[in-house]
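Asker: Respectively, the protein sequence lines represent chains A and B.
With our numbering applied, the first sequence closes on residue 269, and no number is skipped along the way.
With our numbering applied, the second sequence closes on residue 296, and no number is skipped along the way.
Just so you know, the hints here were simulated from the structure itself, not pulled from any lab data.
All C-beta atoms in this analysis are idealised placements derived from N, C-alpha and C, irrespective of residue type, glycine included.
Incorrect hints may have been included.
Said to hold, decoys possible - Partner residues aside, some chain B positions facing chain A, computed with beta carbon under 8 Å:
# : residue
1 : 48
2 : 52
3 : 59
4 : 62
5 : 196
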Amino acid sequence: MRFIRDCEIVARECVAPGHWRMRLHAPDIARAAIPGQFCMVEVSETLYPFLRRPMCFSEIHDDGVSILYKVEGEGTALLAQRVPGQKCSLQGPLGNGFPVDGSFERHIIVSGGIGVATFPALAQALVGACQRPPEVVLAARTRELLLCEDLFKGLGCTVYLATDDGSAGQKAYAAGMLERLNPGEATRVYACGPMIMMRTTAAVARRAGANCLVSLEAQMACGDGACLGCVVESIEEYEGEKMVRVCVDGPVFDAAIIDWEAHNPAYDL
Amino acid sequence: MKNPVTVASGTFGYGEEFGRYFDVSLLGAVTTKSISLKPRPGNKPPRLVETPAGLLNAIGLQNVGIERFLAEKVPYLRARKAAIIANIYGYLPDEYAELAQRLESEGAADAIEANLSCPNVHDARTARGPVLVAQSCEAISEYTRAIRAATKLPLYIKLTPNVMNIQEPALAAQEAGADAVCLINTLLGMAINPETRKPRLANIVGGLSGPAIRPVALKMVWDAARVLRIPIIGTGGITGAPSAIEFLLAGATAVSVGSMSFRQPDIALRIVEGIAEYLSRHNIPDVRQLIGVMQT
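Given the sequences, and given the hints that come with them, work out the whole structure.
Answerer: Shown next, in the form of structure tokens:
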């Protein structure tokens with residue numbers, strides 16, 4: 001079930017320079033949503049910027065959802081000017097979301113930068129469904145961009161911090177931190193962040209025999225399977241298609257079906 | 001068509017994608033994504049970039065091919081009694097003819113729209129020299145005659161705006177037996193990331209659509225309407241009933257809604273309703289009375 005709703009902004013906060021969390025009143029969408037899914041957010045009431053912006057549900061509440069985003073361009077800059085009391089059109093929930101399978105012994109979330117946005121909702125679902133809370137590798141370029149640590153700790157997760165510059169936690173990349181945690185065959189890894197980070201994380205998981213899910217990001221026009229603009233290449237014909245759509249075949253994929261070699265980092269967002 | 005509103009090929013999937021948002025049989029017709037004889041994987045990503053009041057795409061005609069189209073996509077539309085304008089794409093005239101014949105014999109289309117103007121496929125750029133089929137009047141004539149001979153279904157030819165004078169290709173399609181022309185496909189364009197100095201699209205160039213192109217499309221419809229006997233389906237940057245009515249006033253008999261369906265999935269239906277409201281507000285009993293009656 002998908003909805004298009006004008007949703008009231010009930011709260012917003014700047015969580016780091018250029019990074020915003022916005023909570024919206026959206027009961028229909030919240031009831032239908034699962035962690036890992038996303039919505040298409042209208043950022044302008046005029047025709048410029050023209051397209052909606054895909055944003056994952058960071059938290060799913062009883063009466064609405066939260067989104068967490070980084071100001072990257074004109075669209076997100078406009079969104080960051082919206083204040084509580086104003087409305088914002090959301091379309092969703094969209095995409096396939098994370099499967100929650102309590103039969104894995106360990107669940108390790110590996111987050112890079114703003115890729116963390118999708119994980120608070122997942123961590124909450126895993127806490128309810130699994131024997132022990134997920135472990136969280138929280139990696140970012142620098143200390144002030146390590147987001148949501150308090151949310152994960154509040155859920156009982158063990159959080160491992162890593163920064164590229166060593167300003168907090170270990171001076172390490174996300175995949176290196178995962179390696180130190182010794183994932184095994186009964187581990188499921190959940191990764192979201194820059195493509196290079198997901199690629200290296202998936203490689204660590206594969207070597208360890210762990211299952212790895214990745215949540216991908218792409219430019220989208222429709223968000224719902226029609227425009228074919230958001231594709232990535234898969235390693236084999238996946239359900240008859242060489243190109244898989246991030247919007248409806250994902251955004252959550254088994255890392256093993258993605259053709260990481262085909263990805264050209266020159267075009268990274 | 002029960003009303004003058006359809007959707008632009010490539011912006012509406014195979015219809016089912018939008019059936020989640022409204023009853024697509026309420027449209028005049030559903031125009032489906034270009035299909036070819038064999039499935040096509042399309043271009044490498046990135047395929048999409050937003051531009052001022054529009055977007056550039058270089059999808060490259062990714063499609064499921066005629067067999068899966070017939071088996072998996074048509075039944076959804078037929079079960080809902082939606083009228084189908086099946087958009088077809090091929091390399092040579094024979095391929096278009098075979099597609100049209102197959103669609104007719106399977107009862108899978110109410111009309112054929114031949115895409116002679118996709119800017120995003122390498123073979124389209126080289127099949128007849130360094131041009132799109134729709135950039136050469138001789139090629140338009142050859143392709144249109146081949147399809148005309150293969151089917152009795154209404155035949156619409158979708159033309160490119162990337163030409164000097166739209167009247168010439170439009171007349172070529174008419175003289176070769178087209179029942180209508182669809183104006184316009186996307187305008188060629190590009191975008192560059194100044195930080196990386198790379199093109200934003202892996203294909204380098206793409207097709208521009210959205211409200212940014214509306215004035216260009218409108219002028220081309222007006223130009224073509226003054227010389228054609230056959231109807232025009234006007235398309236390009238329609239975002240609501242007022243802009244749809246602009247196209248009717250410029251001489252289009254019907255309109256197709258394109259990229260705006262990405263922003264607002266039920267916009268085509270809203271436009272059907274908005275045109276009805278306009279007619280009632282202006283006491284106009286038949287939408288056909290709007291065609292080409294711009295006051296000068």
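Asker: Decide, hint by hint, whether the structure agrees.
Answerer: Here's how the hints hold up against the structure:
1. 48: 3 Å, holds
2. 52: Check passed: Cβ of residue 52 of chain B comes within 6 Å of chain A, closer than 8 Å.
3. 59: 5 Å, holds
4. 62: OK, holds: residue 62 of chain B within 8 Å of chain A, min 5 Å.
5. 196: Because about 6 Å separates residue 196 of chain B from the closest Cβ in chain A, which is inside the 8 Å limit, the hint holds.
The structure shown violates none of the earlier numbered hints.
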